[in-house]
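**Q** All chains, please: the whole structure from these sequences, using the hints.
From first to last, the protein sequence lines are chains A and B. In terms of this note's numbering, the first sequence opens at residue 106 and continues consecutively. In terms of this note's numbering, the second sequence opens at residue 55 and continues consecutively.
What the hints contain is simulated information worked out from the structure, not anything from laboratory work. Each hint can be trusted.
Keeping only pairs whose Cα atoms sit at most 30 Å apart, straight-line, the calculated DSS-like set for lysine-lysine is: (1) A:K137 - A:K154; (2) A:K169 - A:K154; (3) B:K196 - B:K120; (4) B:K196 - A:K169; (5) A:K163 - B:K196; (6) B:K190 - A:K163; (7) A:K171 - A:K160; (8) A:K160 - B:K190; (9) A:K169 - B:K190.
Restraint ranges, calculated between C-beta atoms of paired labels, are given here: (10) B:K120 - A:E209: 39 to 49 Å; (11) B:K190 - A:K154: 25 to 35 Å; (12) A:A216 - B:L209: 51 to 61 Å; (13) A:F134 - B:K190: 33 to 43 Å.
Predicted model, so just to flag it, every value in this text is computed and none were measured. In this text, a Cβ means the ideal position worked out from N, Cα and C, and glycines have one as well.
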Amino acid sequence: MGTSKDLGAWNPYLAGALSGLVSIGSVWFAGKYFGASTTFVRGAGFLEKFIDPAKVAKMEYFIKEKPIIDWQWMFVIGILIGSFIAASSSGSFRLQAIPDMWRERFGDNAAKRGIVAFVGGVIAMFGARLADGCPSGHGLSGSIQLAVSGFVALACFFIGGIIVTRLLYGGGGRK
Amino acid sequence: MTTDMLYGLVTGILFGFLLQKGRVIRYDKQIGALRLLDMTIVKFMLSAIVVGMIGTYALVDLGLAKLSIKPMIIGAVVLGGLIFGVGWGLLGYCPGTSLGAVGEGRLDGLWGIAGMLAGAAIYAEAYPLMNATVLKWGDFGKITLPQVLGINHWLVILPIAIGSILLFRWLEKKGL
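**A** In structure tokens form, the structure reads like this:
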């Protein structure tokens with residue numbers, strides 16, 4: 106699937122190992138483990154505060170995860186910036202509303218892709234908050250600490266995902 | 055901006071840079087892994103985990119870092135994990151990588167981000183109910199694999215590292 110036109114790609118083992126070093130540095134210097142999904146709770150809290158601040162102040166979950174900007178919020182924003190720097194400096198930045206694999210299977214309708222992405226996002230975040238973590242918080246941070254919850258969550262993420270992609274794309278071999 | 059926030063920003067920029075370079079923030083790569091066609095994200099993740107676990111436990115042994123373990127609640131982790139997987143299969147990005155995807159121009163990531171904000175709001179509404187039910191089903195507390203097995207953590211790290219390298223060799227042989 107990797108094409109020769111893929112500008113500036115690094116070996117995934119190298120990029121992964123370097124990410125591991127970054128996570129060690131974060132634990133060492135800032136005492137912080139990677140995570141992303143709590144930021145979406147804080148973000149939702151911010152948005153809801155515009156509509157009904159009194160309600161947000163009383164909600165148990167927003168008391169637990171307050172709508173504030175913290176380490177993880179900036180970490181998540183940083184991911185966007187870092188990705189943009191890497192993509193634009195290597196010529197691999199590309200505006201695209203429909204991923205190639207999706208287009209091959211489901212066609213050119215950007216609204217269809219948008220609706221499924223939105224619904225997928227709703228379901229994914231509900232699950233991540235119930236599990237108390239996503240592939241960053243459970244998968245990466247949980248596993249590097251040898252947490253049982255991290256390994257179990259990671260396995261369940263893949264099981265759920267494999268089932269859904271089988272339904273969407275069908276089984277069958279490699280092309 | 056506090057020091058904490060600055061650390062977060064710098065760490066995120068480095069991680070986002072590497073995620074993009076490793077090509078793991080693309081729909082085609084994430085779904086490619088779930089379709090068992092392209093194991094790029096597995097290679098990236100396991101490499102990060104093996105390096106990360108060695109470094110983290112070295113820091114802990116030296117007294118330079120503390121663990122921060124999430125509890126193993128069977129109902130929450132298994133059910134939540136499976137639900138997450140279903141959503142991930144539809145969206146093709148996870149919470150962190152959706153931002154990275156937008157960073158390299160993948161606009162469908164914006165729909166995913168909007169959906170995830172909505173999902174977080176819905177979970178906040180459901181939290182009291184979840185807290186009284188699923189979050190109480192089979193709570194084993196903050197346990198690690200070495201604790202459960204009753205052995206030193208390096209005796210867990212070493213087999214995982216060796217197993218990962220063997221898996222990598224197999225994946226390369228299979229061209230995945």
